[in-house]
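*Asks:* One-letter residues, chain by chain:
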Amino acid sequence: KQEVTQIPAALSVPEGENLVLNCSFTDSAIYNLQWFRQDPGKGLTSLLLIQSSQREQTSGRLNASLDKSSGRSTLYIAASQPGDSATYLCAVRGETSGSRLTFGEGTQLTVNP
Amino acid sequence: EPEVTQTPSHQVTQMGQEVILRCVPISNHLYFYWYRQILGQKVEFLVSFYNNEISEKSEIFDDQFSVERPDGSNFTLKIRSTKLEDSAMYFCASTLAGWNTEAFFGQGTRLTVV
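Sequence lines, in order, name chains A and B.
Quick note on my numbering: the first sequence kicks off at 1 and runs consecutively.
Quick note on my numbering: the second sequence kicks off at 1001 and runs consecutively.
Here chain A stands alone, though its shape is the one from the complex (with noise of 0.2 angstroms):
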């Protein structure tokens, strides 16, 4: 059964910070990897999909990588904002498991201008 985590479960940074968000996966049979945004009492917003075959995946200040094989992907922010304040989750689709996303259990970052 596919587990995901993410670490750490709470990072507080300063304004203009770059920061790595880590997720890993105990099985590397996926089909891709999806980062989310959420605020609080929010719905989820799509920040990157990266299929299997990729390394990487880039939108605006966000970065996402993917070693698929090790069972890890990283969401760089870069200069970050006050306004990036939210939880990010990962979430997986694998190969045995049909289009269901599996998901992480969050970070919640904190950026205090």
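The hints are simulated quantities; they were obtained by calculation from the structure and are not laboratory data.
All C-beta atoms in this analysis are idealised placements derived from N, C-alpha and C, irrespective of residue type, glycine included.
Please note that the accuracy of each hint is not assured.
Under the rule of at most 27 angstroms between Cα atoms (straight-line distance), these lysine-lysine pairs were calculated in the DSSO-like manner [said to hold, decoys possible]:
hint	chain 1	residue 1	chain 2	residue 2
1	B	LYS1042	A	LYS42
2	A	LYS42	B	LYS1083
3	A	LYS42	B	LYS1078
4	A	LYS68	A	LYS1
5	A	LYS42	B	LYS1057
6	A	LYS68	B	LYS1057
7	A	LYS1	B	LYS1042
Where chain B lies over chain A, by a calculated footprint (3+ residues, C-beta under 8 angstroms) [claimed, not checked]:
hint	stretch
8	27 to 41
9	46 to 56
Dock chain B against the given chain A, drawing on the hints supplied.
*Replies:* This is chain B only, laid out in the frame that chain A set:
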């Protein structure tokens, strides 16, 4: 920009009552999903729906749950007899295709069972 829309945003119901949560997926998407997030826990998959039938469901999705696409735009989740432990945020999602495309989520319905 197209988005997934869910109504209501918050529903309070008494234990044992039936509730219907509504979703309007993105119009050209073909796959629809329900997930839930109990407060402080992970987002969990409930069910996927394609071509007017359930394509996959989790162990959470028991006989108390059902889904329906009553017309060309709405996708609903029904809970027949709510329990206290059904209290959660319920998210609807849709994808253009199945496993290889980006999932878009709605803003969620917070269900509180009292």
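*Asks:* It remains to establish, for every hint, whether it holds in the given structure.
*Replies:* Against the structure, the hints:
Note on B/LYS1042 and A/LYS42: the hinted pairing holds, with a Cα-Cα distance of about 14 angstroms set against a maximum of 27 angstroms. Between A/LYS42 and B/LYS1083 the alpha-carbon distance is near 23 angstroms, which keeps this suggested pair within the 27 angstroms criterion. About 21 angstroms separates the Cα atoms of A/LYS42 and B/LYS1078, which keeps this hinted pair within 27 angstroms; it holds. Proximity of A/LYS68 to A/LYS1 is assessed by CA-CA distance (about 16 angstroms); at most 27 angstroms being required, the pair is judged to hold.
Annotation: proposed proximity of A/LYS42 to B/LYS1057 holds, straight-line Cα distance about 24 angstroms (limit 27 angstroms). Pair hint A/LYS68 plus B/LYS1057 holds up; C-alpha atoms about 26 angstroms apart against a cutoff of 27 angstroms. About 15 angstroms separates the Cα atoms of A/LYS1 and B/LYS1042, which keeps this hinted pair within 27 angstroms; it holds. Here the stretch 27 to 41 of chain A counts 5 residues with a CB under 8 angstroms from a CB of chain B, which clears the bar of 3, and the coverage holds.
Only residues whose C-beta sits within less than 8 angstroms of a C-beta in chain B count toward coverage, and the stretch 46 to 56 of chain A has 3 of them, enough to reach three; the restraint holds.
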